[in-house]
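Take the sequences, apply the hints, and build the full model.
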Amino acid sequence: MSLITPLFLLGLLGIALPWWLHRLEMQTTEREKFATTRFLEASKKRIHVQRKLKYLLLMALRMAFLALLAFAFARPILFDDPEVVANDDNVHHVIVIDTSFSMHEGRRLQDARARAGTIVDGMESGDVASLFGASTRVTTLSEATDSADDIKELLPALAADNGRLDLGAMIASLNGLLEDSPAAVMLHVIGDFQLSGQAVRFADMIPDVINGRPVTLDVQNVVNTATPNAMVESVIIENRNSVSAAIRSFNTELAAGERQVHLSINGIEQQLLDLPATGNGSALVVFKDVLFGDGDNRVDISLTPNDTLANDDIRYTVFDNSPPAPVLLLTPDTSSLGITYMSAALATAPRRYVVEPNAVADFDARVLQRYPWLIIEDLGAVNATLAAALTDYVRGGGSVFAALGPRSSSLTSVPVLDIPMSAPVLGQDAVPSAISQIDTSHPSLNKSSGWNNVNVHAMKVVPAGDDKILIAQDSDTPVLIERNIGAGRFMLYASGLDNSTSDLPVKPVFVSFMAEVAQYLSNEKLLVKAQTADSYLQLTQSGGGSGQVVDPSGKSLLSLQDTTQAQDVLLNLTGYYKVFTPAGEVLVAVNPDSRESDLALMTTDTLQSWQASVAGASGNGNTVATDVELAATRTDDGDEIEIWGFFLLLMALLVLAESLLGNRYLNLKTGTF
Amino acid sequence: MAAVAQPRSPMHLLDPRVLASLSNLELVAKAAVEGFVIGLHRSPKFGFSQEFVEYRAYGEGDDPRYIDWNVYARTDKTYIKRFLGETNSHLMILLDSSASMGFGSQGLSKLQVGKFLAAALAYMSSRQHDAVGVMVFADEVLAYRPPASRSGSLQGVIHTIDQAQAQQGTAINKPMTRFQEHIRRRGLVAVISDFYCDTQELLDNVRPLAVQGQDVILFHLLDPAELAPDIKQSTLYEDMETGHAIEVAPAFMQKEYRERINAHIAAIQKAASGMNCDHVLINTAEPLEKALHSYLTFREKRG
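Line by line, the protein sequences are chains A and B. Here the first sequence is numbered in our numbering, starting from 1 and rising by one per residue. Here the second sequence is numbered in our numbering, starting from 674 and rising by one per residue.
Source of the hints: derived by calculation from the structure; they are not laboratory data. There could be a bad hint or two in this list.
What the hints assert, rightly or not - Cβ pair distances, simulated, as ranges:
#	chain 1	residue 1	chain 2	residue 2	range
1	B	Glu-929	A	Ser-659	40 to 46 Å
2	A	Ala-657	B	Lys-928	31 to 37 Å
3	B	Ile-938	A	Ala-657	45 to 51 Å
A virtual CB, placed ideally from N, CA and C, is assigned to each residue, including glycine.
Here it is as structure tokens:
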């Protein structure tokens, strides 16, 4: 405790005031002579004692009040001294073992376990140790314990996972986990310290001061040199019959034919190629005439023979070879240019679609129910009967994307939507207007970009109050509006689908826009089928209920209740996960983070700098800081805590006590008790 | 001492505070008695005249000045003249000078007022040719002067009274026993005290006097602060005789103490009545008229 303003301590002299006043009063209350006390109540003697005690207590309260007042003005400070908070002789050994994917290599994990065992064996009496595993997340394996045996019992079961260790994220997690550490923290980090694991910002690797004490860092690297490693970095499937695999080698160059590359489809090896030389660390292998099955295909590319980090010698990929989904397109002219544009755009969408043109004049409305959504090239060609059928179709859950082609120019009201419209006057000098407003929060527009380059001659449509304007021009003319009708959706594009009234079909944004419109109107939500290990698969992307998830080992991950409620699932294994969605079984390929395959090390200088930055202690990356070094870090002052507020609180309590006691004392004095 | 107001009538001389301004106790006695007498209606019943009534045989203690020598010459016997109002009695004044008598809240202690009263009684008796004696006592006899009606004995009695100082405790048995040893004639006994003693003890010691034929009058002196104390806050009272201190609250003094002191006074009165004694309660703040009047009434009844 420190008193910052000693002058205010002079105020302590003020406590002499109540003492002096009380003393004066005591002097005036000398005994009075009385003829006899034989008729007085002898028991009343205790009143005097009681009164005297209360009197002294009252005086003490008043003196304490003034003392607190003086102390409060002196702004006393408590130092949150770590030496006071905890036993300085004790050390909390926080042992963090890297369990990331790279620790699968060689004997890295065994060596790390041995290092941890050595640390706990060296614990002194009163020391405690806790054990953590660090990968994508930091896992608490053992809370602080003074039993070395408890820690050592856990070590054999410690296994590397498929995650990636980022030292910055690790330190951030430890800061939270070690908040309540019982003693000075000595952080032992045991791992392979890959260069790729270094935080982007060096400062992120500096742990917080815990309990007012700086953390002492002990870096223990289980490897001294960068280990050669090769991996399958990526797989690209083209034209539904060609598979290209990018092979990458780290810290070494592979000679041609040194390794073989295998292609397996759905577990059946189809082709084997020699790996060409990895010039500049990479090589490309192309498998041609590959045969895929329908639906999701498991495409495995593997390297043989395996190196010391075998888990990245195979890469899992899912290729969806499902047939394209049919989309009905109603058109007044089955040879129109709009059909060509639309077919091309939808054929390249992630979920392939095949456009089925139908002439409006010959269309039998009863087949509408076969399609989850449809396209109308020119809504002006729709007669009243078909318009009514379309209304019923949408109300029942179907969706429509309709354009206003040349035949709509004579209309005064938009069919189905029944809103006023008029055609623009298009002279020879008429110039289409640009797009100025886009509702990018809408699912059909949130990924597409480039609308600013689109110019459109739009029909003048007056939307109803409930209609959503998704795209508009400068003059506030709606270009794309949406209306919910019953359970379905109706999107109206206020121009034509060919390039005579708009340049949208020839702009790149058209393809992505139509792909999103198709996904939106078909109500399909696609899972991301390529995932990184130790990440979470968002099950909400599968649409509707999440369904069951089976991991690569065949284990069901969700309980029956979770299958309808789980929002995501952790993908901690590499391989293929099966996800059962409303649309059917979907495969998700999970591979380790490619950065874990690069076994290049952080430099010794970096590690030493890290240690020095954390604790100010010297180290070479392979030594354990001693308790002496640790103790040297404990002399720093802790946080300052101003406590005058507590004094004011105490003063308020004293005033209350003084009032109560003063009243009782007065009662005693006058005998009105 | 408060300033004395200018006197307007002889009765003011009975005010103890006025008497206290007189340094000479004999003068005090004269002033008190003269003031009292002047205020009385002349009456044979209370006469202080020198009118001759009869002769009676001379007895021990009688003032020889009143021996009728002519009768002695004729009869060879000593007779003394008796006058109207004369009772020819012995008056023995027992003055309590215990420490408690030193208490006084009005500038006068009970002992001072007791002295005034004793001196006034002695003077008054002397004027009526009574033999006057005095015994000053506390827990033992401090001074004793046997009754005498000789010339000059009054001065001796007053001097003895004047010398009394408040001291020691109260023990009425010793002085009473001593008194009984010395008293031989029937007479009047005036006990001036605050009677802070046990009622039974008082009875045990006064009863023999009554049995002997002594006419006893008890002047019970109490200060206003003893009769009706009025304190504003709890007070630590120290007993003047024992030094024992007790803390008392105003509420107690307002009610319970008054009940107790009144009960004590009533007990003394009852005891006196049982012994055929007179009891006169005297508030020391009040004039001595009441005391002197009570004495004359008492003397008349017993004379």
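Now for the hints, and whether the structure bears them out:
1. A beta carbon spacing of about 31 Å between B/Glu-929 and A/Ser-659 contradicts the range 40 to 46 Å that was offered as a hint.
2. About 32 Å separates the C-beta atoms of A/Ala-657 and B/Lys-928, a value consistent with the hinted range of 31 to 37 Å.
3. The hinted window of 45 to 51 Å between B/Ile-938 and A/Ala-657 holds, with their beta carbons roughly 46 Å apart.
Checked against the numbered hints given earlier, the structure breaks only hint 1 and satisfies all the rest.
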